[in-house]
Structure formats: C-alpha cells, structure tokens
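Since the structure of chain P is already known, use the hints to place chain C on it.
Here the protein sequences line up with chains P and C, keeping their order. Numbering of the first sequence is given in UniProt numbering, commencing with residue 1 and proceeding in unit increments. Numbering of the second sequence is given in UniProt numbering, commencing with residue 1 and proceeding in unit increments.
Source of the hints: derived by calculation from the structure; they are not laboratory data. These numbers were taken from a predicted model, which means no experiment stands behind them. All clues given are correct.
Chain copies aren't distinguished; within one or between two, either way the pair holds.
Listed below are the simulated DSBU-like cross-link pairs for lysine-lysine, each with C-alpha atoms no more than 35 Å apart in a straight line: (1) K9 to K146; (2) K9 to K179; (3) K52 to K9; (4) K176 to K196.
There are 2 protein chains.
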Amino acid sequence: MHLFYQPNKNLYELDEEETRHSSKVLRLNSGDIIHVTDGKGLLQKCVLNMHKNKAGYEVIGSEMIPRRSFAVHIAIAPTRKAERNEWMVEKMTEIGVERIDFLITEHTNPETLNRVVNLNRLNRIAAAAMKQSQQFYLPEITVNNKYDSFIRSRQEDVKLIAYVPDQNTVEHVFSKVRKDSSTSLLIGPEGDFSEKEIAFAMENGFSTVSLGPTRLRTETAAIAGCHAINLAQILN
Amino acid sequence: MHLFYQPNKNLYELDEEETRHSSKVLRLNSGDIIHVTDGKGLLQKCVLNMHKNKAGYEVIGSEMIPRRSFAVHIAIAPTRKAERNEWMVEKMTEIGVERIDFLITEHTNPETLNRVVNLNRLNRIAAAAMKQSQQFYLPEITVNNKYDSFIRSRQEDVKLIAYVPDQNTVEHVFSKVRKDSSTSLLIGPEGDFSEKEIAFAMENGFSTVSLGPTRLRTETAAIAGCHAINLAQILN
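With the rest of the complex left out, here is chain P (with noise of 0.2 Å):
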C-alpha cells in the first residue's frame, strides 16, 4: 500500500514533498492506486493524476479506521539533542502512542527546549513514521507545557509517573496498565524529576513505576515505556 498524509480532506492533492516521493521515488503515473489518510483515521482509496507535477487524486474507496480500544499518553522532559527528541518520535509513532508531550521541569532549561523541541519538524517526523508503519492516526504533540498545570489536567484512567527510588519496591510499567483503557506515563530529564515534583504527581493520582532493571537514557525510557503499554494492551 502506497499510503500518503493529506490532512486536508477536501484539497486532493498531495504536498510537494509527497508529490516528489510519488514521481523520483515510487515513480509513481497517472492512473496508479495510492491511499491517503488525514491522520485523524479517514483512509482513501484515490486514483493518482499527474499534471505538470503537482500529483492530484480522485477519491474513489473511503474508510474511518476506529481508533484503538486503548490510548498511549506519553509526556516527557526533553533531551538536550534535537536528534534524540526527534527519533523518540518517530520511534514512538511506529511503536503505537496517541499523544507526546514535552515538559517544562525543574531540571530542565526552557530555552534548551525551544532549541531542541521544533513542533513543526516533530509533526513531520510524526507523519512520516505514522505512514511509513501504516497508521491512520498521527499522534498529537504538545510542547511547552509547564509541569504542575498539565499534572493537575491530566484525565486517563491510569496515570503512572517513572521514577525509581529503589527498584525493589516499585512495580514494572507492564504491571500497572488495565486493558482498554488509557495510560499516562511521566518520563524524567537527565537529571530526573525533583522530589517535589515526585510527591505533586503522586498527591494527583499518579502511580511510580519502574521501566526496568539498568538505567535509561530519557529517550530510551520513553520507548521502552511506550511499548511496554502497548505490550501490556495486546498481550493481555
């Protein structure tokens, strides 16, 4: 399946970027099959039209894909690499997450996640892991929120926050996840959530967990997490 992200339903053709990978890359013509979603679960069955390079389609199948019977929160205090940001996205958009947002914290600079978190280039990243694992759903990103505020709004039916004092005592991810319902995991900076912060996510209803027995970078925490939800969901 040639998938491509038209989030603009009534505009029928593809972006310049995508019309570029139709043509040098698929080398794709006029009158061959593609398929378009809007990220928001609409998947079109389209004809391709070629004209003067711009790559427009005639809609001629349409589907709503339901969404999962589940949902995969993630929110994280940013790496102080741009890259690592961006490939935790990716990677967490193949791996199945419906929302990603990056924290203000304590231990972390706001004017290092200006430099490191680009939404825009977040969301392209996002798009293109969506289409590339055959999704039909781009995950929501959020930056900028500052961490008591968003703690405070937070309304999943599990809320789980990693943090490990000591690993004996604190339960696994996998664990604490209930089937269909959803999940919000907190994930630390470098220098991990202060005490404070521990004790104000734990005073609104949020769980510690661990990820695990060796110690991960925050990027890594947040895939391992991220999957380990979704293994709990499918698995169980």
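Positioned in the frame of chain P, the structure of chain C alone reads:
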C-alpha cells in the same frame, strides 16, 4: 557511581577519551573514587591518580558481577543508514543484550554492509551505553555473518525469526520466551527475508514470531524485539 571501561584489567589507566572525560567533564582529581569495569563482569573500585594528563588508578576493591540468568541474542540485517545501526546498538545495550550479530541476507548488499557497519565504532558506542546504563558486560558484536552458516551454528535454547505473513497466525515474541533461557531473535532487512531464508531458518529450529500490530522499521523492530524478550524474562 563514575563508571569507566578498561578492557585490559592489568593496565590500571584510562584511555585518552575517558581520561579527558574524567578531568574535563566530571572534573575528577587525584584521590577521587572511580569504578572501572572490564566489560566481562569485573567491577573494580579504584582511587584515581592524575599524572601529566594520564589518568591512572589503584584498585582498592574488586568483585565479579554474575551474568544474568538469561541471554538475549539479536541478529539483524543492517539498515542502509549507519546512524540507524549505531543507535540500534546503543539502545539494545542500554536495555540489555548479550550478542548482536549483523547478517548478510539475500536482500542485503554486502558493500552496503561494509559502509554502514563499522565494528570499531559499534564497540565504542556499546561500551559508552554499557557504562551509561551501569552494566558490566559488553555485548559481543559481530559483522559479516553469512546467513546460512550463521543459522546452522545457532545454539540458543529458543530460536525465533520475526516474520509476519499474516499477523493472526503468528505468536508475539513475548509469549515464546522461556524463563532463564537464551533466546536468539532474527530481524530481517527492509525488503524482509526471502521465502527461502524463512524456510531455511524453520528447518533449523527457528519459529516465526510477530513483533506487534504495527509495521516497524528494521532498527525499531530490533529494539522492540530485544525489549520484549527482556520484559518476558523480568516479568515472568
């Protein structure tokens, strides 16, 4: 714990890069306590002795950290981008892996393999990830493995190959792992394994497994597979 890596246990000094890291980044001085591992389970507590930009050390305590009760071996057809192979090695090392073998398959270009898999670089990346995640065994990495002879020589307790002809008929890798056993998992190239390669693996004791409902890139599949095996061992 300031953990350093010195594979030669009779040398008692850090290499140039770690010397620089100890003095410039960590700002350690003579008399400071460091820990040194040889990547083969030896963990030494040492007193640092800085002398003319050479970081020597005296061992004041020593223990052997036992290996885990299970082993995770991942064999992968490399992706076409060097950086994706490198991050795959970094992330699997953080999560926990005993062996990483790069395979030449029907859909692998051997010239590509030499360009995108540099064993020295991969070993340096694995050593850095081992230290960062506070582990004491360096994964063994091999490249240039011919598919047939590699498959024939596998001795692991559980042998698995990721391949999804029809998701509903294949069990998830998580369900196939046996407690305290060694597991070998093969991950195919972008064009996937050939039918012949799948058949050959199955004749040699491999079972096909799924890595979940979404289509993953090679490097994401390797991380997800490695993580799922670790989770199955830790949680069961």
